[in-house]
Structure formats: C-alpha cells, structure tokens
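Undergrad: Below, each chain spelled out in residue letters.
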Amino acid sequence: MNQVTPPPAAPLGLLAELTHRCALGCPYCSNPLELEARSRELSTDEWKRVFSEAAALGVLQVHLSGGEPALRRDIVELVAHCAREGLYTNLITSGVGYRPELIAQLAEAGLDHVQLSVQDSEPGSADHIGGYNGAFERKREIARRTVETGVPLTINAVIHRANVARAPDMVMLALDWGAGRVEIAHTQYYGWALPNRALLMPPRNAALAAIAAVEALKIELHGRIAIDHVLPDYHANVPKACMGGWGRRTLNVTPAGKVLPCHASESIPGLEFWSVREHALGDVWRANPAFQAYRGTGWMKEPCLSCARREVDFGGCRCQALMLTGDAANTDPVCHLSPHHDRILSAVEADGVGEGAPAAAYEYRRFTRADVVG
Amino acid sequence: MTAEPAGLADDARPKLARGVKLKRDGVRGAWVLLAPERVIQPNPVAAEILQRLDGVRTVVEIVDDLAQAFQAPRERIDADVRALLSDLLAKRMVVT
Ligand SMILES: C[S@@+](CC[C@H](N)C(=O)[O-])C[C@H]1O[C@@H](n2cnc3c(N)ncnc32)[C@H](O)[C@@H]1O
Ligand code: SF4
Ligand code: SF4
Numbered sequence: 001m002n003q004v005t006p007p008p009a010a011p012l013g014l015l016a017e018l019t020h021r022c023a024l025g026c027p028y029c030s031n032p033l034e035l036e037a038r039s040r041e042l043s044t045d046e047w048k049r050v051f052s053e054a055a056a057l058g059v060l061q062v063h064l065s066g067g068e069p070a071l072r073r074d075i076v077e078l079v080a081h082c083a084r085e086g087l088y089t090n091l092i093t094s095g096v097g098y099r100p101e102l103i104a105q106l107a108e109a110g111l112d113h114v115q116l117s118v119q120d121s122e123p124g125s126a127d128h129i130g131g132y133n134g135a136f137e138r139k140r141e142i143a144r145r146t147v148e149t150g151v152p153l154t155i156n157a158v159i160h161r162a163n164v165a166r167a168p169d170m171v172m173l174a175l176d177w178g179a180g181r182v183e184i185a186h187t188q189y190y191g192w193a194l195p196n197r198a199l200l201m202p203p204r205n206a207a208l209a210a211i212a213a214v215e216a217l218k219i220e221l222h223g224r225i226a227i228d229h230v231l232p233d234y235h236a237n238v239p240k241a242c243m244g245g246w247g248r249r250t251l252n253v254t255p256a257g258k259v260l261p262c263h264a265s266e267s268i269p270g271l272e273f274w275s276v277r278e279h280a281l282g283d284v285w286r287a288n289p290a291f292q293a294y295r296g297t298g299w300m301k302e303p304c305l306s307c308a309r310r311e312v313d314f315g316g317c318r319c320q321a322l323m324l325t326g327d328a329a330n331t332d333p334v335c336h337l338s339p340h341h342d343r344i345l346s347a348v349e350a351d352g353v354g355e356g357a358p359a360a361a362y363e364y365r366r367f368t369r370a371d372v373v374g
Numbered sequence: 001m002t003a004e005p006a007g008l009a010d011d012a013r014p015k016l017a018r019g020v021k022l023k024r025d026g027v028r029g030a031w032v033l034l035a036p037e038r039v040i041q042p043n044p045v046a047a048e049i050l051q052r053l054d055g056v057r058t059v060v061e062i063v064d065d066l067a068q069a070f071q072a073p074r075e076r077i078d079a080d081v082r083a084l085l086s087d088l089l090a091k092r093m094v095v096t
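In the order they appear, the protein sequences are chains S and G. By the count of this note's numbering, the first sequence reaches residue 374 at its end, each step adding exactly one. By the count of this note's numbering, the second sequence reaches residue 96 at its end, each step adding exactly one.
Okay, chain G solo, but in the shape it has when bound (with noise of 0.2 Å):
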C-alpha cells in the first residue's frame, strides 16, 4: 500500500517543513534547496514557485500570482504549481 499524499486544497497554505530551506547561493549564482543529506538545485519555475511558499499565501493565490508575474496562462502555472507541490508533499519536504 502506498499512502496518498495528502491533498491538496485551493486555500491550503503551503510552506517548507523545517529541516527544509531555499537559500540563494552566491557562489554559484543559483537557488539551492537544502533538505537531510540533500542538495537539490530546482529548474527557474521551481524556484519561483517555493519562494512563494511562505505558509501565508495560500495556493490560489501563488498561482495567481505567479500567472500575473510572467503573463503565462493560468492553467499551465496551476499545473507546474501542483506538481511540485504534490511531490514536495509526498517527500515530507513541504507542509501545509
């Protein structure tokens, strides 16, 4: 059996779970997340998306935000936004 992550509302507030922290990295020019025994470096979208994921916003309002910021259709953004978010959840890096 694999446990389903938990769904994910439209007014859930998401934000990384401690343990878990985006840092800008100088050295490198690049957004890195840091994670246990892990150094993840997320592609542009990505790092858009968790620098919004401050436990206020909640998730509509990232997406709307994010459709607003670079004029892209909403729809596509809902999508990247839930996909991350989803695997972030099942890999207990992100909460809500």
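Just chain S, with the same shape it has in the complex (with noise of 0.2 Å):
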C-alpha cells in the first residue's frame, strides 16, 4: 500500500443533542426509538469541552437541539461559552417546557439564531400533533419574545398527511410571527416517524400540491421571508446528499456522548462510534473507522459506483438504504436506478391513503415505547 488517505477537511458544524427530554411526543420525532435517559447525558463541564474541541476542530456553527435543549437548566452557560469560543449558536427548540424570559437571557449570553418548530397552523390541530394541549400558544409566546430581543427566527414545520394541506398557511404563519425565515420540511421516515409511517404518509396528490403551493410563495414572497423547502424524498428519482456526504461536513453528538456522523446512523449495525467520553473530537472525526466507513466514495457499489453524480449525493442516505434494503452500503432506494427502487415506490402506495388527520391514534415519542411497555 502506497497510497496515503489525505486527512478529512475539517467540519462546518456540531449537532449537539444537549438532552432527549421533550415535553412534547410529536409521532414524527427524528430521534432514536431509545431515548437516553437524564442520569446518562454530559455535564456542563463536558458539553463544554465538547464545544472548545470542536471550534478547535474548525466547527463553526453549533445547532443546540434534543429533545428540548431549553430543559437543560445549563443552557445560558452553554450558549456563554459557545459564543466565547466564537461558534455561531442556534437554538433548535420545541418553545415548550421552560420559562419564555429565557429567551432574553439566552440572547443576552450571545444566542444567534433561534429555530422554534410548529406542528401546524391550525392550533387545534397542532397541539394534537405534538400531543400536549396549549402547545401552539407557547410556541406563539416564543416567537413573540424572540423577535423581541432581535435574534433572527426562522419557524420549522414539519409536514405530513395531517397537516399537508397547510403547507402554504405555515409560510403565512411565519410571516406573521415575524420569522425572516421558514423551513417546509416533508416528514424523513427514521427514528418515530418509521413505525408511524401509515399515518404520516400523505397522498402523492396532496404532497404535489403542497409543493407547488409553496413554491409559488416563494417568488411570491421574495425579499420578505427566505423559504427553506426540503423536499419528499419517497416521491423523488434521486436521493438527497443526505448530510452533504458522510462524516464531511458536519457531526452529531447525541446526550450522552456519542459522536455521529448523522443522528440517525446509530440504527446501522456493525458500526462502533466513540463517546467524547473516552475521546477527543478531532480523533473521532479523523481516526473512528465509523467515520470512515462510509466517507467519501471508496465504499460504494453499483450502480453509485459508476454513476456521474457520485459526489453530488454520495448515494442518498446510510440508513434509509439500510432501513430498505437491509445494507446500509447499497444505494439509497429513493434513486431510480437502485434495484429496490421498487419498495419505496410501494410504500408510498400502501401508506399514502387517506386525507386529513388519520383516524387511528399516533404512537407518540414517549422515553418506553407504548408496544414495549403492553
């Protein structure tokens, strides 16, 4: 062997998933089916380390999320010493479970963007979602005391069958709540949102709909509010450079100190990811053979292998392949040329019926599953 692997260029940003207590269940929560319990997750000393590591690293944004990372009663600290260490802090919150005075004391600490999800526009209908009553007028509350201080707000809403038909109303209910920016993301079935698929998934009609709904917002909406429009990959022909590629750009640390390359990717067997207990950042990110595993091209098989946009999406995503197909190194199924295109294309036809609220209940995000717990 001559050939010397050139190390990885450094990453652009931290996913920390300060805590995966939530008080909402939303059934479409990206997280894991095993939640890490609060007697689990990092101290303040240790996130803090973390966050020097990682500017040290190169890392230059740091997305604070969950759960609800407002639950950390450390949270003002943490965005402290963020900002010190001169990382650009955004806070991904649910805007439920904690006092709404926090916001100005995190804005005061140097809290440079916040990103508050809303389940729907329809109030109703939103707190049903997210499974906690009262929900939506927190969340209004947030936004409200956010603009306030001037810290910029973007409003995420995650869309699925039940509220697929309000896509372009969540752009209007950005705009009015003053957020400069929104992001319309169609539901990404891991983590809850798999076992709930049946029940998330709309109609193709309706997703279409929905899509050019809220691409016409965006011209017309132009220089008012910026739309961030993630699209749904069950009913795309070529998958997304899920993570800008793995372990190339960003890394994911989860409550209790496990470094990810994604926040989904623990599901892939075989894979052993260090803990920023026993490790440094920067040797997670260069010497973990999970981080390896799947970087760059050198893993891939047909048809990635020989495709010309193999470095344009690196072949989709490591755990919807795996999720699919049962090999998390074969090519992510939502490309048409994978040989299991096939299941996705009869997913979305078993689970894309019906319109509306789904009659049957969710399984919410609870910490013991409801199946589990009989």
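One thing to keep in mind: the hints can contain errors.
Which stretches of chain G does chain S cover? Using the computed rule of at least three CB atoms under 8 Å from a CB of chain S, they are [as the list claims (entries may be wrong)]:
| hint | region |
| --- | --- |
| 1 | 29-36 |
| 2 | 40-51 |
| 3 | 87-93 |
Derived by calculation from the structure, the hints in this document are not laboratory data. Glycine is no exception: its CB is placed at the ideal position from the N, C-alpha and C atoms.
Bring the two chains, given one by one in their own frames, into a single complex with the hints.
TA: See below:
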C-alpha cells in the first residue's frame, strides 16, 4: 500500500443533542426509539469541553438541539461558552417546557439564531400532533419574545398527512410571527416517523399540491421571508446528499456523548461509535472507523460506483438504504437506479392513502415505547 | 410580484444584520460569513467589502476607502460594492 488517505477536511457544523427530554411527543420525531435517560447526559463541563474542541477542529456553527435543549438547566451557560469560543449558535426548540423569559437571557448570552418548530397552523391540530394541550400558544409567545430580542427567527414545520393541506398556511404563519426564514420540511422517515409511517405519509397528489403551493409562495414572498423547502424524498427520483456526505461536513453528539456522522446513524449495525467521554472530538473525526466507513466514494457499489452523481449525492442516505434494503452500503432506494426502488414506490402506494388527520392513534414519542410497556 | 430591495443611497451606512457574522476562520485561513443555517466563503473582494460594513461608514466612504487601498478605478469598486450590497440586502443579511 503506497496510497495515503488524506486527512478529512474540517467539519463546519456540530449538532449537539443536549438532552432527549421533551414535553412534546411528535409522532414523526427523528430521535431514536431508544431515548437516552437524563442520568446518562453529559455534564456541563463535558459539553463545554466538546464545544471548545469543536471550535479548535474548525466547526463554525453549533446547533443546540435535542429533545428540548432549553430543558437543560445550564443552557445559558452553554450558549455563553460557545459565544466565547467564537461559535455561531443556533437553538432548535419546541418552545415548550421552559419560561419564555429564558429567550432574553439566551440572547444576552450571545445566541445567534432561534429555530422554532410549529406542528400546524391550526392550533387544535398542532396541539394534537405534539400531544400537548396549549403548545401552540406557548410557541407563539416564544416567537414573540425572540422577535423582541432581535435575534433572527426561523419557523420549522414538518409536513405529513394531517397538515399537508396547510403547508402554505405555515409559511404565512411564519411571516405573521415575524420570522425571517421558514423551513417547510416534508417528513423524513427515520426514528419515530418509521413506526408511524402509515399515519404520516400523505397521498402523492396532496404532497405535490403542497410543494407547488410553497414554491409559488417562494416567488411571491421573495425579499420578505426566505423559504427553505425540504422535499419529500419518497416522491423523488434521486436521493438527497444526506448530511452533505458521510463524515464530510458535520458531526452529531448525542446526549450521552456518542459522536455520530448523522443523528440516525446509530441504527446501522456493525459500526462502533466513539464517545467524547473517551476520545477527543478531533480524534473521532479523523480516526473513528465508523466515520471512515462511508466517507467519500470508496465504499460504494453499483449503480453508485460508476454514476456521474456519486459526488453530488454520495449515494443518498445510509440509514434509509439499511432500513429498506437491509444493507447500509447499498444505493439509497429513493434512487430510480437502485434495484430496490420498487420498495419506495410500494411504500408510497400502501401508506400514502387518506386525507387529513388519520383516524387511528399515533404512536407518540415516549421514553418507553407503548408496545414495549404492553 | 417581487419586492424591490430598498434602494442604496450614497449616504446609507450598511451593516450586517443581527444573526449574520463575519469571522476570520483560523483553521481554514479564510474569512467566512455565518448566517442562519449558512456558511458562505466570500471571495477576496467580497471579504474586503464585508469587513467595512460597520454601520458607521457610508457607501461612498467604503468605496473611497477600497479604491485608495487597492489603487483600483473607483467606478469598478463602486459597481462591486453595490452589486454585493443589493444582493445581501435582498437576502436580508445586510441592513442600512
Ligand atoms: C428532533 S427536533 C429537536 C428540537 C426541538 N424539540 C424541536 O422540535 O424543534 C429537531 C428538528 O427536526 C425536525 N424534525 C423532527 N423529526 C423530523 C422528521 N422526521 N423529518 C424532518 N424533520 C424532523 C423538528 O421539527 C425540529 O425542527
Ligand atoms: S420533534 Fe417534537 S417530540 Fe421530537 S424533540 Fe422536537 S418537539 Fe420533541
Ligand atoms: S446511482 Fe447512486 S450516485 Fe447515482 S444518482 Fe443514484 S444514488 Fe446517486
């Protein structure tokens, strides 16, 4: 062997899942089915060390997420620490479970951006989807407080069968609440979204109508609000560049300190993810075999191997390939060139039926799964 | 209808909007512009302009300063500055 693998370029972003605790129970939640208990969460000092190491490694933006990151009692201290390290901080929040006054304290500590999730533009439906009465009104208050501080606000709306008809209304809600940016994100089927897929998948027509309406608003509202549109990949022909490529741009730290290339990658068997409790972040990024496993294009099989798009989408999502084909090294079946593409088509056909809120009950995200409790 | 970005008066004092930060990235040895969910690597000309958006200097002063510093024709600098600023104003990344 005379070939030396060059060290990977420095990561740009860090997703810090500060806790899995959350007041809401969204049935599409991307968190893993096995949630991490509070007793296993990293301490304040451990998180501070992670953020300092991230800054030294070249990370520029930190996304404080979860669960609900604002449930951490040290959230202000952690934001202040990131600010001191010169990191750009983004709070990804449900807006529920903490005092609204916290927003002003976070702004004071140097918070750069707030991304607030809203379940629906219809309050009753929003509260039903999150499984929490009064959540919608609390979110409105958090939005108001954020705008008051001057910290820019993004509204994030996850789209599925119960709210797909109101995707454009969610853009208008964001404008009304003073957001400079809105994300209309069609549900990605991982975490809790997978067991709930039959209740979440909208009919193809409804998804296409929502996409067209939101695209029209992009033009109409140009210069007033930025619209980021995350299209549903089950209705696409080529996959997304999941995470911008495995181990290429970002890393993710779980509440207990495991470092992952993406928040869903723990579902892939055979990969051993290192923890910040035992390793420095830079060592994980450079040397953890799990990060090398699907980095670049060397691991690819056909049809990706000889495809012109292999450095555009990096063969799509490894977790989706695993879930739907049984092998994480296969082409993402969303791709029309995948020999397993029919599995996507049949899932859309089987699950994408019915209009409006589903009649059956969601399996809400909970610390102990309902079917395990029995 | 497309909303027109606000016109750029000579005496406007542009600055980066809240939530938008220009930073010297020590690891990559380059300037980076950080915004919600975005990392932009400005080209060298843009980086020089961005460093002067302090909310104190006017557009004219910025152009004069750059023309002086780089011994370049004023008209060309003026065009570069206005093109960058109107783009960033439309994206709400700069305010006046
Ligand atoms: C897991 S949440 C954690 C932060 C906080 N609890 C919240 O909901 O904003 C992170 C972000 O992912 C979005 N999200 C959750 N599940 C998703 C899915 N299956 N597909 C797409 N986006 C999802 C949420 O709306 C939120 O903006
Ligand atoms: S997506 Fe919903 S359930 Fe999941 S962490 Fe966010 S608010 Fe909680
Ligand atoms: S074959 Fe692979 S690289 Fe080519 S478009 Fe499909 S997923 Fe992307």
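Undergrad: Compare the structure with each hint and give your call.
TA: Here is how each hint holds up against the structure:
1. Restraint check on the region 29-36 of chain G versus chain S: 3 residues with Cβ-Cβ distances below 8 Å, three needed, restraint holds.
2. Under a criterion of three residues with beta carbons nearer than 8 Å to beta carbons of chain S, the stated coverage of the region 40-51 of chain G fails, only 0 such residues being counted.
3. With 3 residues having a beta carbon nearer than 8 Å to a beta carbon of chain S, the region 87-93 of chain G meets the requirement of three or more and the stated coverage holds.
In this structure, the one hint that does not hold is number 2.
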